[in-house]
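Residue numbers (the UniProt record's numbering), protein chains in the order written: chain A, 1 to 233; chain B, 1 to 645; chain C, 1 to 416.
It is worth saying that the hints were derived from the structure and are not from the lab.
Predicted model, so just to flag it, every value in this text is computed and none were measured.
For each residue, glycine too, the CB sits at the ideal point set by N, CA and C.
Accuracy of the hints is not assured; some may be wrong.
Listed below are several chain B residues computed to face chain A (Cβ distance under 10 Å; list not exhaustive) [what the hints assert, rightly or not]:
{"hint": "1", "residue": "Leu166"}
{"hint": "2", "residue": "Trp167"}
{"hint": "3", "residue": "Lys170"}
{"hint": "4", "residue": "Ala177"}
{"hint": "5", "residue": "Val189"}
{"hint": "6", "residue": "Pro190"}
{"hint": "7", "residue": "Ala194"}
{"hint": "8", "residue": "Leu195"}
{"hint": "9", "residue": "Val476"}
{"hint": "10", "residue": "Thr477"}
{"hint": "11", "residue": "Ala479"}
{"hint": "12", "residue": "Ile481"}
Covered stretches of chain B (chain C as the covering partner; in silico rule of three or more C-beta atoms under 8 Å from a C-beta of chain C) [unchecked claim]:
{"hint": "13", "segment": "208-219"}
{"hint": "14", "segment": "370-383"}
{"hint": "15", "segment": "511-521"}
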Amino acid sequence: MLEVAHLDAFYGDGQILHAIALDAAEGERVAVLGRNGAGKSTLLKSLMNAGPRVAGAIRFDGRLLAEMPSYRRAQLGLALVPEDRRIYSHLTVLENIAIARYGAAGRKAMEPRQILERFSMLKPLEERYGGQLSGGQQQLLAVGRAFAAGPRLLLLDEPTEGLAPVIVEQMAREIAAICDEEKVGLVLCEQNIWFARACTSRLYLIDTGRIVFSGGWDEFDRNADLKQRYLAV
Amino acid sequence: MNQILFAGFNALAFGMSIFLVAAGLTLIFGILKLLNMAQGAFFMIGAYVAFSILGTGSSSFGFFLLAALGAGLIVALLGLITDRLVLTRLRHVDYHYVLIATFALMMVCNGLVKLIWGVEFVSVNPPTVLDEPVELGSLFVSRYTLFIIAAGLVVYLVMEVALHRLWFGKLMQALAADSWMAGLLGLNVPLGLALSVMVSFFLAGLAGGLLLPNQSLSPQLGDSYLLFAFFAVIIGGLGNIRGAFVGSILLGLVSSLNTVLLPDMPGIAIYVALAVFLFVRPTGLFPSRATQAEPASDEGGGSLARSRIGRGVWQVLGLAVAAFAASMPLWANEGLLFLAGSTLVQGLFALSWNILFGYAGLASFGHAAFFALGAYLAGAVLRYWPAVPFLATLLGAGALGAAVAFVVGALALRRMSGIFLAVLTVALSEAMRVLISYSPLLGREDGLVNIPRPVLHLPFAIDLTSSAAYFWFLLVTTAAIVAVLWWAMHGRYGRKLLSVRQDPERAAFLGVNVTGVRIGAFMLSGGVAAVAGALYAPWARIVTLDEVHWLASTQPVLNAMLGGVNSFWGPLLGSAVFTVINYGTRTLIGLSELIVGTILLFIVLVAPGGIVGVLRSAEAAWIRRRGGAAAPAAAAAAPGAGARP
Amino acid sequence: MALTRRSVVAAGVAAAAFTAAPVRRARSQSAPLRIGIMFPMSGIGAEAGTAWLRGAELAAAQWNRSGGLLGRQIELVVRDDKYSSAGSVAAGRELAGMGINLLVGAAQSPMALGLSPVLGELKALCVAPTPAAMSLTHENFNRNFFRLCPNAYTLYSGLAKIVATRHPDVSEWASISFDSEYGRDSVRFFEYGVRHAAGGRSINFQPPIFVPPTKTDLKVEINALMNSPAQGLYLGLIAAPCISFLQQARAVGLNRKLKVIGEAGTDLLIGRAMQKSTPTNLWSVTYWFPEHEPFKSNPISEALFKDYVAATNDRHPIGLLTTSHRACLALFNAVKKANATDTDSVISALEGLTFDTIGGPYSIRKEDHQGYGTSFYAKVGPRDAQPFYGLDTLEQLSDAEVIEPATPGRKFELPS
């Protein structure tokens, strides 16, 4: 479904990503692990044409995305949840989710109320304004919102950052459940290895803008020094 | 007592007429973070369009409304075109450039209006049914005035409901609050922004049509409403409809009470009110989220655009030009010599402006106030106290300019920058104009005439009465000041300024007193501008309120941008080139506003680095072609050589 | 240190353009006689400037047809003074630099005040059609400057005389004017004129209302006037604010409450703008109604009108053009009388000169270079047919009746 070939990404004159190759099949869930500054966020933003200048080929359903603006990519079925959440404070939780429905572009999508049901921590906050939520609640809302457009591929950028472990656990369960039921693919960028393992079936390792490992979790576990070299701080 | 009552009533009437113009202004700011200085001009175009539809005879109420709607639609269309051609290119550019661009757009619109509809005055009556006087006790109003009040209220209510109750409004707010995220959610952001532009221009055009019978119609209409609309929007809080509504009424009240309570000083109250507001509560009565985050720009500010051609070449060229200039009194026509001398003064003035903008990153749109301070001081001293040595007067002018800049800077720079500072400078400059016009000593509106040229009393006397002598004096003094400034800007001080401009937070971390540095730059800029004015007074031998007019404040902006704001020499170059253009087109009567506006617009959109920017790019290309010894370090030094649209 | 980077381009262009200009060629008898013309050709004064230019062109064409001046054809060299003092000075300097010492221009007070003091330095003289500021022939008197029109005192007290004598029943008056030195003076002069014309009758003036020059909304001021006992009004506003005032006044019925309004400076522009809504009780200072007496039987007026129609195909000229026409006539007559074109000779010839204009004979006072002749006042009203306004009544007044004593070098003081 998603095929990335030879992707370079630049901010100004500085090159952040070098010859990235990555793919995800329909409904497949993959992780991208890497240290701070390795290029994870840049990668996701490149997929959405949401910041960096990009060279290389990004294909979605076989179609080259080229210069397509971000809102059109969202309408195709790509949903990015950026690491700084960016909830609308002037809208309620329900409205925040509802506003994302424009990206559905005709696809079948869950109703906002249904999404609230699936994220148990959000349900009681339905009428609360976005600006009144805690950081963790906002994070959940951001993730939940992403499902409102019936996405085919979810791009999550460090969703667990700053969250309490108990919430992280619950989030892992809820995301995995929805993705399975609605057949949503996932590209998850994370530093939290446990969470990544719980949500995905295989992973990439990224270091200073290059993919340095691609494979399943077993393979990853077998090479103990991978973790040391690329993820340890 | 009756007068106070009427002032209260008129606050509402006048306020609603301002609100009709301010509504579109605050809307477009709220959503696009764009302060549209051309809003008044488009409002005026709406009035003229409605006039073309209605004619001068009396009309029916229905036809009148249709004409206003028609005007709104046509101006909305113009707004769409403007968006495509100009505004979309400026979405991610430093907002100062956007301010300058919309300002240039205003000049273009004014020029076009004069071209299309001529300069004759037009008077259109309200539709017959509204053309009746109404007596409310001892208040004499007309039905039309009541209609305007109603219209303003209706527009406000519609906008309030649409923006805050309707789902459509919530979408617009989302777009305004975070358009990047809106795009990621699948909202068609470009369409939303274009629609917002069209709506705000529609409002301008509609206001023009509705207010057509309110006063006479002439090409000056846009300017008078713009100032009021601006002030109302600032007082109310940028980007906030409720604020614009309340702000308009407040302003109407201030203006109406001014007439009743201060009949001997008409017209000063609004400037004072605005200045007070900006000092006390710059974000306005209802600060909206839109103003809290100052619009981020990708433009990190340029370093000095250094030339890669050897110094020797430039030095020889510079000497040649200086020698050429010095020889002018020997062969040039009187008129041309006068222009050359005025160019020197304007060059200095533009240089002073760019200290603030190119180096410190602060835009002043009221810089003529400093120039006028120096000019009036020198003029008055030369007229009334000729015994004072002229050099002392020059120094005094510089000190006065710096002192005023210090007061304004110390009060203002701590709390605001960017757009608010720009508006404050305009307000203060206008207030100064009004104050000078009250002073008989300064010649009121006729200005100081018959200013004698000085005689310098160094150990020997130098009589500067002849044009040649004063011209040489101008040349020497300008060169000296430029030299001092060059030395200052290319040393530690200049680097400190640039670091504050590029990244104030980082500079603060490094221990730089950011506000102090900015105030210092303001003082330097104000002082040099005042000296330029003081040099000008005996050259022209007349100083008038034209020197404080807002158009005079646009001259250094234009000159600096034309030459290149990222270069030390840019403003001087720009002044020279502008004089040449002006001289060359001086027989193209009636088109000056149009030409100046178009040039400025062209520069902002196509060549924001000005002539120097273009020369740099040409230089770089030439060097590359010759085997590219261009060091990457030098290339990295020039990334900010102009905002990238 | 990297030095001045004044553009090579600018220097080159400058050198090319500027050196080409000031070639003083030797004058032969058949070379045209150049007269410098300075009027606002752009910006705010453009419409008036076009009218002034037209008047000058018609005057020159007329003289050229009858053989020119001193046997040479008159050539007008036109420069835009941009309706500002700085522009006027720049234009004057340029023309003087080209060797042109005979100037017609400085048509309004700001331009005149700027240009007059530098005329001596430029060794040129200037004949000005319409600047009214008192100081030009008083404390700012300059030997090289001639004012060919009524000054503010003559203008406003003359207007006052006309409206007051036409309405002896009106004893309650009010004034509204711009908040400027000139505006305040005009109010004082008008008031003086009314009291003087009333003789012993008791006259009451409301405290004058002053307005900033850019104001468009005058409703508070109009409301004050509606609530005052005033039946006569001096309207000192001109141009767009004047028309806004009349428009807004009409909306509440002020024009019906007032018996008479006097204004100076906007003239037929009011009729053109307001058309069928033109007030019926408004007296304006005016210049020319070629199809009415006394102009109709004046040979100069006849000829001028004929030329105007031939040149423009329009039968409704802007009267202002007759002021520059008059100024040019003064200059041409003086040059003819002096039989020379140098500044000093022409100045001497202008002093004390009397010549014919469309409004009868016109003279120039030797002591202060103030011109005087006959001034005209018109009451214009609405019409049903195009152009929807027309002349109702025309009055005239000899300037000599309302002229002040000549005191060049001293400030003008109103006689008590």
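Hint check, failures only: 1, 7, 8, 9, 10, 11, 12, 14, 15
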